[in-house]
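One-letter residues, chain by chain:
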Amino acid sequence: MLARIQLSDGEVTQLTGQLDAIVDNIAKVAQVATPDVAATSHPIAMSNVYRPDEVGQPLTLEQVLQNAPDAADGRFRVTAILGEEQ
Amino acid sequence: MSDIIRLTAAELGEKISTGEISSVEATQAHLDRIAAVDGDVHAFLHVNEHALAAAAEVDARRAAGEQLGPIAGVPLAVKDVLVTTDMPSTSGSKILEGYMSPFDATVVARSRAAGLVPLGKTNMDEFAMGSSTEFSAYGPTRNPWDLDRIPGGSGGGSAAAVAAFEAPLALGSDTGGSIRQPAHVTGTVGIKPTYGGVSRYGAIALASSLDQVGPVTRTVLDAGLLHDVIGGHDPQDSTSLAQEWPSFAAAAREGATGQVLKGLRVGVIKELPDSGFQAGVAASFRESLAVMEAQGAEIVEISAPHFEYGVAAYYLILPAEASSNLAKFDSVRFGLRVTPDGNPTVEDVMSATRDAGFGPEVKRRIILGTYALSAGYYDAYYGSAQKVRTLIQQDFDAAFAQVDVIATPSAPTTAFRIGEKVDDPLQMYLNDLTTIPANLAGVPGISIPSGVAAEDGLPVGIQFLAPAHEDARLYRVGAALEAALVDSWGAPLLSKAPALRQAQGPKQGGTR
Amino acid sequence: MATAKLMDFDKALEMFEPVLGFEVHVELNTRTKMFSDAPNPANDEFHGAEPNTLIAPVDLGLPGSLPVVNATAVRSSISLGLALGCSIAESSRFARKNYFYPDLGKNYQISQYDEPIAFEGSVEVELEDGTLVTIPVERAHMEEDAGKLTHMGGATGRIQGAEYSLVDYNRAGVPLVEIVTKPIFGAEHRAPEYAKAYIAAIRDIVRGLGISEARLERGNLRCDANVSLRPRGQEKLGTRTETKNVNSMRSVERAVRYEIQRQAAILADGGTIIQETRHWHEDTGTTSPGRPKSDADDYRYFPEPDLLPVQPSRELVEELRAALPEQPLARRRRLKADWGFTDLEFQDVRNGGLIDEVEATIAAGAAPAAARKWWTGEITRIANAQEREAPGLVSPADVAALQGLVDAGTLTDKLARQVLEGVIAGEGSPQQVVDSRGLAVVSDDGALIAAIDDAFAAQPDVLAKIKDGKVQAAGAVIGAVMKAMKGQADAARVRELILERAAQ
Ligand SMILES: [Mg+2]
Ligand SMILES: [Zn+2]
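Chains as they are written, first to last, in numbering that gives the first Met the number 0: chain A, 0 to 85; chain B, 0 to 511; chain C, 0 to 503.
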């Protein structure tokens with residue numbers, strides 16, 4: 000599924016109840032979120048925040064891989080991307 | 000109990016600077032305290048093995064004649080949401096167990112540069128999702144006032160550490176109240192700065208447009224001293240404000256004279272009736288207002304008609320952003336990896352890892368957020384919730400045209416019992432009723448102790464909100480009320496907290 | 000993999016009208032990445048670095064890391080938008096495109112969705128015979144590239160059948176501009192040519208702007224080609240396929256042709272086209288199905304909360320507009336006139352992608368005709384033989400120097416071709432090759448006269464013939480002398496000396 004989380008049946012049941020709460024939230028918000036209201040995606044209005052195109056100190060390979068669950072040849076190693084049926 | 004740990008950070012900093020106490024002594028005293036009480040409190044997930052070495056270095060810098068800041072040498076507890084190079088950073092999750100960051104969060108780097116000594120990493124609800132610290136993957140933190148009760152959340156570890164005198168200063172993060180609500184239930188001080196006032200770089204993101212890092216302390220002045228160290232522009236956080244800030248410690252000192260209350264207009268929201276709050280919480284709030292009025296403040300009823308939509312909007316925005324922010328925990332580059340039997344694909348491994356590595360509250364919010372952003376729902380969910388932010392900002396604008404600060408109780412109830420609400424997330428969510436609007440609108444908020452509730456003897460906090468960029472106003476007003484209240488009580492509120500049992504445990508660092 | 004049935008191209012065009020669309024990803028050559036200060040491997044200076052050595056925390060999606068926008072990448076994107084004739088948005092913003100894939104450090108790509116930096120433009124494209132067509136551009140937006148997966152253990156090195164994969168995140172965060180066309184109608188049987196010409200036009204534009212290394216073989220420019228067919232007379236568009244990552248101009252041309260033939264065969268048989276992405280296989284010249292694309296592809300776009308709107312001032316836009324280089328088409332017209340080439344001569348240069356090289360060679364001192372002759376002739380021939388691209392095979396400065404040696408009489412044309420081979424083989428500059436291979440024309444008259452005398456001695460009757468006025472008999476002696484000199488003699492000078500000798 001989209002979130003890459005497997006849920007147990009119990010979790011699914013519990014969640015179904017909470018989806019109702021989300022629906023309540025939506026209904027509540029819909030009362031005032033009329034088309035004439037602008038959306039605020041950022042609490043303090045700002046724009047054009049940039050960084051100069053100057054090279055910094057990159058991480059060392061050791062730092063890059065220090066938390067890797069699996070690595071080989073200086074790269075991160077993952078299991079096969081496609082299953083057999085694909 | 001050593002007197003050192005009872006000192007405020009300002010006092011301790013002063014004594015260290017005069018040479019009366021060394022940073023090593025101060026640090027050792029706090030490490031001893033952690034060893035003695037943290038078995039019960041469980042404020043820390045990790046105690047810094049390098050704390051004494053760091054303290055010795057500050058002492059050496061001072062001995063070498065280096066001019067250090069007012070709190071150099073003072074120990075600091077760091078919420079585990081902030082990444083550190085010398086201690087693991089887990090954000091309270093099993094999926095990040097043992098994770099070592101190659102860089103320090105900006106607030107941590109600035110703290111180190113100012114000579115603060117990181118004592119350890121404090122417990123929190125997993126990925127800061129919660130209001131009780133019961134959702135930590137490493138077990139709950141307990142409230143020093145009553146070990147059967149929650150210390151608030153998500154930053155329960157930082158608040159409890161400060162309340163239990165395990166650290167004079169702590170760093171927290173506040174997405175919907177995670178600094179202010181724990182302050183409320185532990186009798187401590189917590190500030191959520193203006194959004195962008197403190198760098199988020201190195202704070203493991205929950206909801207990027209809501210998160211702010213801030214100080215957790217026992218006094219308003221200490222908070223100001225810490226805010227002066229960690230605040231200000233950081234080019235590594237695009238949303239960091241590029242403005243100059245006044246000294247918040249200076250603002251707190253100015254406020255402590257009490258003069259600022261004269262003629263101060265304090266707004267009280269008429270849509271927040273007393274009935275929504277525990278009796279002792281409401282009573283404490285009214286008493287504080289009366290104290291302020293007695294000092295010349297004017298209490299003005301204001302209207303904030305959209306605040307009641309805040310919680311609904313918050314619980315659409317937060318899961319949406321969190322579901323995306325937490326997608327990076329996929330077992331490829333860092334963190335836990337769980338490989339199921341057979342010939343699993345990468346997708347299978349990612350799913351098994353996230354299933355095993357995330358706790359129930361995190362999964363719940365990721366799923367809800369994923370759903371809320373799905374095609375066809377975006378406008379109704381996330382988009383509409385963002386409109387509520389506009390309306391709440393408009394409420395604030397209208398209110399601040401009339402008043403200097405807004406006052407609310409910091410949370411509806413005193414600390415509830417561990418386990419009491421854990422199965423009722425919706426009830427839990429209402430804890431953040433009064434704190435959430437500040438996050439949605441980006442304005443700063445402070446919670447300071449206002450007293451104890453008559454019915455249970457547990458601490459209560461009062462929250463002040465100010466317009467964006469006006470954090471200094473909160474320090475002035477907070478320090479003024481704090482001075483008046485402490486004066487009326489005869490001692491800080493925390494002196495009323497029961498003594499903690501002292502364990503004779505081994506004194507050592509490491510992950511607990 | 001079964002080979003797909005193909006319909007004859009002309010027949011396919013009789014039955015169906017092709018509708019095209021292109022998405023071209025341009026890797027910007029800024030020094031740093033789109034959102035981090037790590038070195039950018041799409042800049043020549045950092046190309047070819049060891050895996051995972053060009054990494055800042057945000058490129059790995061490390062906890063606590065945050066993106067910050069590269070100012071130069073924004074300027075480059077605006078310049079490109081302007082060069083594409085687009086309007087530049089007054090307010091533009093980044094969005095997160097959420098999907099899980101191991102090459103994506105954060106499991107979302109920071110891209111632009113509802114508010115791209117540039118929109119509504121067009122590109123004038125010149126087909127091989129000089130016909131001009133206008134390709135409508137819908138938008139150009141900024142985004143970041145993903146890392147690189149290497150599939151291991153499978154027989155083919157492809158994703159299918161691989162046992163495991165290795166991830167290098169050097170490319171993660173490379174600044175991209177994605178240029179999306181509107182549907183392109185009217186290409187008809189020239190559809191494959193449109194595709195090639197369009198990519199060439201984009202390449203020329205970004206090269207002219209200097210914002211990308213623009214080397215297709217390195218993936219600096221990557222084309223996704225959308226092709227759909229509709230029966231003649233039908234209004235409704237057919238279902239399209241998107242052929243991904245076609246990395247040379249010739250391949251784009253072939254891929255479009257292939258898709259038209261493949262889809263036509265399916266449709267003519269009463270089948271339906273599946274909306275999907277397809278992968279181009281250079282070796283077989285075919286496409287194969289990739290991920291099926293459907294409405295289940297739900298990227299959950301939302302505005303990137305870690306970044307702020309990009310609101311370029313109108314002054315900045317006008318400054319960048321004023322700084323735009325000459326449009327490639329206008330430049331070509333100017334160069335053709337300056338160089339005095341015929342239509343055919345110029346098309347030869349352009350179609351070979353050699354305009355820059357010829358221009359640089361002329362700038363280095365060669366005459367236009369000579370520069371053209373070298374590049375479209377011998378250099379292209381060697382490139383074809385070696386299955387390489389002519390540009391880059393040899394530097395324009397070396398070509399000009401080579402021609403200089405010819406002009407000075409140091410080399411004959413034939414010797415010069417040998418020197419060129421040496422230069423391409425890496426033996427050094429033309430002069431160094433001349434020296435090391437000892438290829439200079441023998442200009443020492445003494446040596447030539449000695450060889451002539453030897454030749455006369457061997458063929459005494461020839462001398463008599465020449466003295467008799469049968470000058471053409473000199474040819475035999477010239478041949479013998481050239482042979483003795485191993486070709487390193489100037490035949491004209493040899494002829495002069497022979498005649499002088501005979502006159503004595
Ligand atoms: Mg695309
Ligand atoms: Zn793209």
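Worth flagging that the hints you see were computed from the coordinates, not collected in a lab. Please note that the accuracy of each hint is not assured.
[Said to hold, decoys possible] Simulated crosslink set (SDA-like; lysine to any residue; CA at most 20 Å straight-line):
no., chain 1, residue 1, chain 2, residue 2
1, B, LYS420, A, ASN66
2, B, LYS269, A, VAL31
3, C, LYS413, C, ALA449
4, C, LYS96, C, THR276
5, A, LYS27, B, ASP378
6, B, LYS93, A, ASN66
7, C, LYS96, B, TYR377
8, C, LYS372, C, ALA384
9, C, LYS147, A, VAL31
These are the hints, each one checked on the structure:
1. Using a Cα cut-off of 20 Å, the hinted pair B/LYS420 and A/ASN66 is violated, with the two alpha carbons roughly 36 Å apart.
2. In summary, the hint linking B/LYS269 to A/VAL31 is supported, as the alpha carbons are separated by about 19 Å, within the 20 Å threshold.
3. Distance restraint check for C/LYS413 and C/ALA449: the Cα-Cα separation of roughly 23 Å exceeds the 20 Å cut-off, and the hinted pair is therefore not satisfied.
4. For the hint linking C/LYS96 to C/THR276, the alpha-carbon distance of about 18 Å falls within 20 Å, and the restraint holds.
5. For the suggested pair A/LYS27 and B/ASP378, the alpha carbons sit about 14 Å apart, so the restraint of at most 20 Å is met.
6. As the CA atoms of B/LYS93 and A/ASN66 are separated by approximately 14 Å, the hinted pair is consistent with the 20 Å bound.
7. The straight-line distance between the Cα atoms of C/LYS96 and B/TYR377 is roughly 13 Å, inside the 20 Å bound, and the hint therefore holds.
8. For the suggested pair C/LYS372 and C/ALA384, the alpha carbons sit about 17 Å apart, so the restraint of at most 20 Å is met.
9. Proposed proximity of C/LYS147 and A/VAL31 is contradicted: the alpha carbons are some 46 Å apart, above 20 Å.
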